[in-house]
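Engineer: The lines below spell out each chain.
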Amino acid sequence: MNILANLALRGLATGAVYALVGMGIVVILQTTNVMNFAQGDTGMFVTYLAFFMITTAKVPYSLVLVLTVVAGALIGLIVERFMMRSVRSRSHLSLIMLTLGLSLVFQGLAAFLFNTEPRLFPPLVAGDSIKLGPVVLSRQDIVVLLATIIVFGVLYLFLYRTKQGAAARSISQDEYAARVLGIPTPSIYMLVWAIGSALAGLAALLIVPRFSLEPSFMGLIQVKAFSAIVLGGMDSVFGAAVGGLIIGVVENLVAYQFPAIKDSFMLIVVVIVLLVMPQGLFGKRQQRRF
Amino acid sequence: MLAIENLTVRFGGVVAVKGLNLTVEEGEIHALIGPNGAGKTTVFNAIFQVVPYTGGIQFAGRELRGLPRYRLAEIGVTRTFQNLSIFPSMTVRENILVGAHSKTQSRFVAELLGLSGEPRQRLAETLDFFGLSSLSPTYAAVLPYGTLKTVELARAFISNPKLILLDEPAAGIPTSEKGTLKGVIQRMRDAGTTILLVEHDMELVMDISDSVTVMDFGEKIAEGTPAQISADKRVIEAYLGEEIHAAS
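Sequence lines, in order, name chains G and S.
The opening residue of the first sequence carries number 7 in our numbering; numbering runs sequentially from there.
The opening residue of the second sequence carries number 118 in our numbering; numbering runs sequentially from there.
Calculated directly from the structure, the hints in this document are not laboratory data.
Note that CB positions come from ideal geometry on N, CA and C, so glycine has one too.
Keep in mind that a hint or two might mislead.
Taking lysine to aspartate or glutamate pairs in the DMTMM-like style, the calculated list, with each CA pair at most 25 Å apart, reads [what the hints assert, rightly or not]: (1) 295(S) <-> 307(S); (2) 299(S) <-> 318(S); (3) 64(G) <-> 134(G); (4) 299(S) <-> 143(S); (5) 279(S) <-> 181(G); (6) 220(S) <-> 180(G); (7) 279(S) <-> 327(S); (8) 279(S) <-> 349(S); (9) 337(S) <-> 143(S); (10) 299(S) <-> 242(S); (11) 220(S) <-> 181(G); (12) 279(S) <-> 180(G).
Chain G side only, calculated, beta carbon under 10 Å to chain S, not exhaustive [unchecked claim]: (13) 12; (14) 180; (15) 182; (16) 184.
Sequences are here, hints too, so could you generate the full structure?
Structural biologist: Next up, the structure:
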């Protein structure tokens, strides 16, 4: 029982990682209908900047946290303004291919500038692990879990309680109608790409101490995050968050018995879920979705 | 209010609208009618800068050419669509609020806590005006077509537009509900909104319009009051021609 509880809770901590990345992807997806394949590597790239700020420039960690989020947002603004905007009217598929290309550019650039040697990244909060009854969690795990809850709360309020959020959701459903109704679509696109990419930076920075910093470290995480949002229904931050947590827990439990199929098992589950409920667990077909 | 001068729209070799002059006076319901393919919707699309055109389109003395689409709502021009363009996974309330975007101040904290006073009141008034109050929290996806047409009208109306372009508001509406629709359009006009109406339902057009412009093959063939139009020989020919064509 103790073992199971431990595995489940540690799985939750891993799932929070997927949830964080997934929510950033969904915010952009929900507005632009673009699956941002560069989400993970945008985060990876700004995490390198964070690494040198901490180790070389000795900038305080709290300030680095802020700067990383800002750097992510800036990348988002640049991507939207100078790449997405000019291609948007021509081909939707090209937009998605662009993000895929961007992902490779970030990886190549990181390898070129910083080499591929793995680096250990200091955690935001160091110190002994914390015992919660029978369960042991590292302090960083707890930070990631808390961040997931906070990010979900903030995104929910943004999307469902502000006029910019409503505007963002309306664009993906009918862009032309949204414009005719007076939604300044160019600035809403900018806003959403900034938020999504800022989240990419935040997520990567919080995650990286669990792994090591190298150009490819977000690769598998991003695949899991995609699985999370497909499982959760593609169009809700709630679905992405819960989908991420489910994947984290299940995968950790499976890994205990069958370590070899840890990564593939969840993808099979996702395929089965899609066959049975194509809209995902919390997708559009349901009436209430948040 | 709206002045269209010598408007011409070409698609390749086809001339969809040819030298159209059209003036919509403030406070009227002005119907634009004509057989299918006469170019009515193309006129709407030109006003909204969707298709390239030559000629001039002025609203309240201001040339619209080159204006980004979302700026039209800001200066008081909006439209509804022939094929519904509702946001299905949003509630009626949310759908209508999107229409108010350009007219609401963004006070972030106030919004997080719920709407601040003025937009909330405007929303309540609008819901009431269109008889949608009880449907406010319902998701658009589950509502019948006729109701969604009304939601679309409310969404366009909440921003207090000076001019609304209605593209076939009666299409797909059951006959029993057409009386209500007439009343709603007339009350929109009485509330101070000028209306340019494209519609195939002649009974509705003749009942509520203040003036009517008839187009055929991209050109204006007649203009006047509903009474003058229903007696016009060219109009009858254009429509009879269509009916014979449709029957064959």
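Engineer: Now, for every hint given, state plainly whether the structure supports it.
Structural biologist: Verification of the supplied hints:
Distance check on the hinted pair: residue 295(S) and residue 307(S) sit about 18 Å apart at the alpha-carbon level, within 25 Å; holds. At most 25 Å may separate the alpha-carbon atoms for a hinted pair to count; residue 299(S) and residue 318(S) meet this at roughly 11 Å. Taking the CA atoms of residue 64(G) and residue 134(G), the gap is about 23 Å. The hint holds against a cut of 25 Å. A hinted pair counts as satisfied when its Cα atoms are at most 25 Å apart, and residue 299(S) with residue 143(S) qualifies at roughly 19 Å.
Under the criterion of a C-alpha separation no larger than 25 Å, the hint pairing residue 279(S) with residue 181(G) is consistent with the structure, at around 23 Å. A threshold of 25 Å between alpha carbons decides the hint, and for residue 220(S) with residue 180(G) the separation of about 20 Å falls inside it, so the pair holds. Restraint check: the Cα-Cα separation between residue 279(S) and residue 327(S) comes to about 17 Å, which is no more than 25 Å; the hinted pair holds. About 31 Å separates the Cα atoms of residue 279(S) and residue 349(S), which puts this hinted pair outside 25 Å; it is violated.
Our distance criterion of 25 Å between C-alpha atoms is met by residue 337(S) and residue 143(S), whose separation comes to about 21 Å. Of the pairs offered as hints, the one joining residue 299(S) and residue 242(S) holds, with about 19 Å between alpha carbons and a cut-off of 25 Å not exceeded. In summary, the hint linking residue 220(S) to residue 181(G) is supported, as the alpha carbons are separated by about 19 Å, within the 25 Å threshold. Of the pairs offered as hints, the one joining residue 279(S) and residue 180(G) holds, with about 23 Å between alpha carbons and a cut-off of 25 Å not exceeded.
At its closest, the beta carbon of residue 12(G) sits 38 Å from a beta carbon of chain S; the interface hint therefore is violated under the 10 Å criterion. Hint status for residue 180(G) relative to chain S: holds, with the closest Cβ pair at about 5 Å, below 10 Å. Using the Cβ-Cβ criterion of 10 Å, the hint placing residue 182(G) at the interface with chain S is satisfied: the shortest such distance is roughly 7 Å. Using the Cβ-Cβ criterion of 10 Å, the hint placing residue 184(G) at the interface with chain S is satisfied: the shortest such distance is roughly 7 Å.
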